[in-house]
Amino acid sequence: MTEESAGPVLTDAALGGDDVLVRVENLVKYFPVRTAGFVRRTVGNVQAVDGVSLAIPRGTTLGLVGETGSGKSTLARCIAGLLPVTSGKVTFDGHDITNLSRRRMQPFRRDIQMIFQDPYGSLNPRRRVGAIIGDPFAIHKTVPSSERKRKVQELMERVGLNPEHYNRYPAEFSGGQRQRIGVARALALRPKLIICDEPVSALDVSIQAQVLNLLSDLQKDFGLTYLFIAHDLEVVRHVSNAVTVMYLGRVAESGSREVVYATPRHPYTAALLSAAPAADPDAAASRQRIILVGDIPSPIDPPSGCRFHPRCPKAQELCSEQDPPLEVKAGDAATHLTACHFPVEAGENLAAAAGRR
Amino acid sequence: MSITEVEFQVASVENAPVQAVEGRSQWQLTWLRLRSDKVAIASLIVIVIMFALALASPAIAALVHHPPNTAYPLTGENVAGNPVGPGTNGFLLGTDDTGRDLLVRILYGARISLFVGVVTTLIGTVAGVAVGLIAGYFGGVIDTILARFTDAVLAFPYIVLALALAVVLGPSLTVIIGVISFFAWAGIARIVRGQTLSLKEKEYIEAARSLGAGPFRIMFIDILPNLLAPVLVLATLYIPNAVVFESTLSFLGLGIQPPTASWGNILATATNFYTVAWWYTVFPALALLITTLAFNLLGDGIRDAMDPGTERLLAARRGAKKRRAQRREMKGAGPSEAFPDPGTQAQPPIGLG
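Residue numbers (the numbering used here), protein chains in the order written: chain U, 5 to 361; chain W, 60 to 412.
If you are wondering where the hints come from, they were derived from the structure by calculation, not from laboratory data. Be aware that a few hints might be false.
[Stated by the list, open to error] Far from chain U, some chain W residues (derived; all Cβ distances over 10 Å):
| # | residue |
| --- | --- |
| 1 | Ala115 |
| 2 | Leu122 |
| 3 | Leu270 |
| 4 | Asn285 |
[Unchecked claim] Cut-off 35 Å, straight-line C-alpha distance, at most; resulting in silico cross-link-like pairs (DSBU-like, lysine-lysine):
| # | chain 1 | residue 1 | chain 2 | residue 2 |
| --- | --- | --- | --- | --- |
| 5 | U | Lys153 | W | Lys97 |
| 6 | U | Lys155 | W | Lys259 |
| 7 | U | Lys196 | W | Lys97 |
| 8 | U | Lys93 | U | Lys153 |
| 9 | U | Lys93 | W | Lys261 |
| 10 | U | Lys333 | U | Lys153 |
| 11 | U | Lys333 | W | Lys259 |
Ideal placement from N, C-alpha and C gives every residue a C-beta, glycine not left out.
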């Protein structure tokens, strides 16, 4: 965290109450930028995740949205223990799992699984599907090798694959089928949490729906908890109980799905929602789009104060000076947090404000 | 999308369930492609014959009644004491300077040459893969040390070092195998390291880590299968190098010692007699040439067969224009959910110059 920022104000309610499976507190992940050459001096940091807190209640889905470069995937990898954390804390099921060694992380690996974005890149092209799905059993030795094939074929059937394709290579499957292979692999150890890192963004729309329905069926059957990363707002609305919006390594807004989609308080959330394509042409015509200028700034040298201020239609002097805390704004539900000095009010025309700039 | 293409796609979707359930592995596909490469198959046959002859050399020696180290001063040398030519007195390829049967000596030499070539390549490949995987996967200080050491070995004037070692340790088969193996691993290690560096960034490696796989499981179960293709090609191409290396050492008198026959030491003495006995130089040199050429051509063939791009090339060469056109149309239609193209996705590019 940068020095000037006051730590986010988080109530227990905002962090999901009692039955929380995953709790992330003030998580910071910097990637050092080093000079090339023999003596590698650190000349800066990519502030990929900079003080993020969130909580996921057991059995629910938290949708994590934000544009490319907002730190969603880095956050996911920190929670999964794939990247060491710079500072902050990750608690899973009551245990602190921050920066555990590989050996000590091993029991938690069973409970935390990932589904990856690229169904082509996340399956080893040289290994048979049966071996890929059976990998978790082989690594954790939960199933003796004599029963492995039967177990894998059960999993394949459960995710809608033909168990007879056990000996095929990933290249012989379509994108949707490959993503089902990824789901089967993630499901093998009966995890508690599955981190879905843009699991459907590489699939075409009809296949997306199939995979999403599969994920929600599995959630019902196995009581899974999902951290669901996406940049497609409609997908997130479909699957999530709660939504967290990230911008440049920070949480801009978070709250229950209904509240965030109906009454966004952060101008960035409002802009994102207004940019989502609407299927209804009448609604699309009457909609006011908030056009954001510029690109997401470099996380090596983030803007001062509120990180969104250079692109914000409502930005004022204060925004570039003071970092807004993530807090409950007046009139909002106790679970609805916004990091903004001048939150959007009901009926406000942001599009007009954006046009004036 | 043309009508014919629609029909073609529909047909292929209908045919899909009839397809064999067993997936065709890269090795099966490689073999299918290699089979249509006439040069590679001819080379393979030559190599098999060479190995067969080398193994059968005692039998052949018994057949012609000429043990390899027995001199025949009466029948094997002419009145001037020089070797006799091919076909004389039952010596099919003539004799050498002491009147020994050249054919039998060349066949016994093949045993040594092929043995040294294969064994040193095996040792070098295993060591090179291990060093390359460890350097590439762990990175950091380990990589720096191993990679610099590899570079140092590659930069060495190896003949000089080999000669020095042979002189100090005394020439023997073990020393030769040791010396050649020592220089065999570095080239493979460098290629494997480079490939590992790029492979370890793949998402499926991250997936393996997220499952809790340890570094050695990732190296040998996840990365190694992706490396086998380039390693196999490199190993095939290294065998002739090792054969020539052994011959060089023997030629210089620091390898296999007479009277044991080796192509190198036969050639070394033959150079004194080339004015009176051309066969003495030509036949062992020919054996060396044919063997190394066959291995090199086979290596090239395997490399082509492992590269999915050459399938199209071979198809074009055979004049299968129709199939090619269809494939191009399929490509143009983009990756289809119903009909993935296994050929293009199955193989990572092989980074070989």
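Which hint numbers doesn't this structure obey?
3, 4, 5, 7, 8, 10 and 11
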